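K.L.:
As they're listed, the protein sequences go chains A and B. Number 1469 in my numbering belongs to position 98 of the first sequence; there are no gaps in the numbering. Number 68 in my numbering belongs to position 57 of the second sequence; there are no gaps in the numbering.
If you are wondering where the hints come from, they were derived from the structure by calculation, not from laboratory data. Treat the numbers as computed from the prediction; the structure is a model and nothing was measured. Hints are not guaranteed to be accurate.
[Unchecked claim] Straight-line C-alpha distance at most 27 angstroms; calculated BS3-like pairs for lysine-lysine: (1) A/Lys1413 to B/Lys94; (2) A/Lys1429 to B/Lys53; (3) A/Lys1428 to B/Lys53; (4) B/Lys113 to A/Lys1439; (5) B/Lys89 to A/Lys1481; (6) B/Lys89 to A/Lys1413; (7) B/Lys113 to B/Lys89; (8) B/Lys53 to A/Lys1408; (9) B/Lys113 to B/Lys68; (10) A/Lys1469 to B/Lys94; (11) A/Lys1429 to A/Lys1393; (12) A/Lys1442 to B/Lys89.
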Amino acid sequence: GENVEQHPSTLSVQEGDSAVIKCTYSDSASNYFPWYKQELGKGPQLIIDIRSNVGEKKDQRIAVTLNKTAKHFSLHITETQPEDSAVYFCAPNTGGFKTIFGAGTRLFVKA
Amino acid sequence: EPEVTQTPSHQVTQMGQEVILRCVPISNHLYFYWYRQILGQKVEFLVSFYNNEISEKSEIFDDQFSVERPDGSNFTLKIRSTKLEDSAMYFCASSPDRRNEKLFFGSGTQLSVL
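Isolated chain A, as found in the complex:
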């Protein structure tokens, strides 16, 4: 089955700095690459996703980049703000009925 790893597990940045979280997966059949944000006491929320035929996607301050050859994709957050503090999960998928989430990255943005 799919093996998903996220790095780092914890990331602390100063407000205004950039943050990058990397997700490595094992199943070369993966074709959908989302990132979810989970705030305290809430369910995960999709913030950005990309398909395998696209190398990069940007939505305001967040972007996702995909390297299919190396089997990893990354979440980039620029100009971080305190409200970006949350746990971020990647969840690469092959189009099957089961999604494996990464272990999560806890992001702290210090004001």
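Chain A is fixed; fit chain B onto it per the hints.
P.N.:
Just chain B, lined up with the frame of chain A:
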């Protein structure tokens, strides 16, 4: 904006008791899921449901678990005889038209088994 709603937000039960967790997915979505998250840990897949039947289930989803979509709106998870290790946050999710893409999660039900 449409959302997935879950009730109750908290459920406390005694070991061995049955619990039913309820969810109302987004109305035009086709795929439904249950996940759970033990405090501070990863989000774990339990089961997916499509076209009124289970599509896939994890090894966690044993004979003590069942799901049902009794009418056009509700989606329930039943745990027949709860164990201490069932204590977790249970999330319901739905997705519109492609399986496992663009999941919308509810706010969860915190289940505590004593």
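K.L.:
Taking the hints in turn, state whether each one holds.
P.N.:
Hints versus structure:
1. A/Lys1413 to B/Lys94: 24 angstroms, holds
2. A/Lys1429 to B/Lys53: Holds, at roughly 26 angstroms.
3. A/Lys1428 to B/Lys53: 25 angstroms, holds
4. B/Lys113 to A/Lys1439: 20 angstroms, holds
5. B/Lys89 to A/Lys1481: 42 angstroms, violated
6. B/Lys89 to A/Lys1413: Judged against 27 angstroms, a Cα distance of about 22 angstroms means the pair holds.
7. B/Lys113 to B/Lys89: 25 angstroms, holds
8. B/Lys53 to A/Lys1408: Holds, because 12 angstroms separates the two Cα atoms, which is no more than 27 angstroms.
9. B/Lys113 to B/Lys68: Satisfied, since the Cα-Cα distance of roughly 19 angstroms is no more than 27 angstroms.
10. A/Lys1469 to B/Lys94: 24 angstroms, holds
11. A/Lys1429 to A/Lys1393: Within the cut-off at roughly 16 angstroms; holds.
12. A/Lys1442 to B/Lys89: Violated - the C-alpha atoms of B/Lys89 and A/Lys1442 are around 37 angstroms apart, more than 27 angstroms.
Consistency note: the structure conflicts with the earlier hints numbered 5 and 12.
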